[in-house]
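> Sequence:
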Amino acid sequence: MPYLKSPLSVAFLAMLLLPAGMAGCSSEPTSSPELDSGLDSGEPDMPPDDADISEDADATDDTDAQPDDANANPCDDADSTATSPGDSCGPCGLDMLVCDASGQLVCNGETPCQIGALCQSDTECGDYICYTGRCAPEGKSFIHAGSFQMGSPELELGRIEGEDLHEVIITRHFLADTTEVTQGEWQELMGFNPSFFTSCGDSCPVESITWLDALAFANARSLAEGLEPCYDLSACIREPGNRFSCPMESLSIDLDCQGWRLPTEAEWEYSYRAGTTTAYYTGDPTTRLTCDQPLLDNTALYCGNCMTDQSPSYDCTNDGLRPHMPSACSPAPVASMDPNPWGLFDMIGNLYEFVWDAKGPYPDFAIDPTGPEPNGRIGIRGANFCGHQARLRAADRKFTAPTYFSPGTGVRLVRSLRKADEDEFSPGDHGL
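Taking the numbering used here, the leading residue of the sequence shown gets 73, the next gets one more, and so forth.
Hints are computed from structural coordinates only; laboratory data are not their basis. Bear in mind the structure is a predicted one, so any value in this text is a computation, not a measurement. All C-beta atoms in this analysis are idealised placements derived from N, C-alpha and C, irrespective of residue type, glycine included. A couple of the hints might just be wrong.
If you anchor each label on the Cβ, the simulated ranges turn out as follows [what the hints assert, rightly or not]: (1) L229 with L299: 37 to 45 angstroms; (2) R490 with D274: 32 to 40 angstroms; (3) N370 with T270: 42 to 50 angstroms; (4) D304 with P444: 30 to 38 angstroms.
Using the sequences and the hints, build the whole thing.
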């Protein structure tokens, strides 16, 4: 699928993304437990799943290197990701480029290894690791800005109302947790473990949290890492885990915030799809049988493979009302299944995951959408260990109350990095 598929996309992209700085370089750097209670499914019969510049090129005496046109910038035709010999840190940031004597953009030799730099091994990433071809902090995946088709085609098996297919542009690179937040992580930062499945262990995903609890956890992680929190929770009352409550009109999000936050619904689906366009990132369902989806057996914990002898467990049959569902299931430790192409585990199944967006219809086209103002219905995505064929699709949408909690719902966090330059955009292919 081509990236700029419509004149409208081109116009919006040009308006928002055209770099404000020079195209070349100079001697100055540029700035560069019930699982389904309180849920809206849209489906009546729903199972309970739920560097300083080194030198100025103008100072050279090599007149042969000057272009014929004295007014032309010597770097106009250069590659903006040029690297110098031996540089192992991937593309330069724009503020790290210099013009050499032949009028080419090159790294100045002082470029630090940075998040998002192309890599082939950990040795190329300094303090980070090389993950899915990009430098990133351990446990995080670098998600490249890009565009994709959000929603589902009309004939997709399992489709429900409200999944209108539309183009979305994600203008910011961001980091995403490779797994759902674990019970151990939550305990360490928040001082308590709210989970129903505590016997599953610290490496299992935290659950039985509310959307508001998740906002508080995101702020706590930001503060622990020395980052400015994304959410103003000063109007909230009581404590997370103890009927934590906030006036919805007091809550907002700025996608340029420095700290950790919930993904938007668009960021979540973009990350799930990982450049694919099928119902699952592994392909389209081949059967209508709700719990028989061979394409998911290695990538998702769902109703087809969730049976356990662990105690406690959850009865996905809803006390026998849905006999085709398993009777004893539970979540599994994070990363027990295979990741998607962008290195994200459990985007399908294990637990539902809270997103930022409130319930509302999709637009025809959107750039960095954040949904309606927070209201009484908040999105959850990805299905859980009781999830069936329809719920496990990338486009599936469900909504619940911001104070809702369940042993089938958890959270994964993201953090904005920066807006992409125009020449960095790629059609949903992770920038590789």
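> Take the hints in turn and mark each one as holding or not.
These are the hints, each one checked on the structure:
1. L229 with L299: 37 to 45 angstroms: Distance hint for L229, L299 holds at roughly 42 angstroms.
2. R490 with D274: 32 to 40 angstroms: holds, 33 angstroms
3. N370 with T270: 42 to 50 angstroms: At 27 angstroms between Cβs, range violated.
4. D304 with P444: 30 to 38 angstroms: Given range 30 to 38 angstroms: violated, Cβ gap about 19 angstroms.
Of the numbered hints given earlier, the model fails hints 3 and 4; all others are met.
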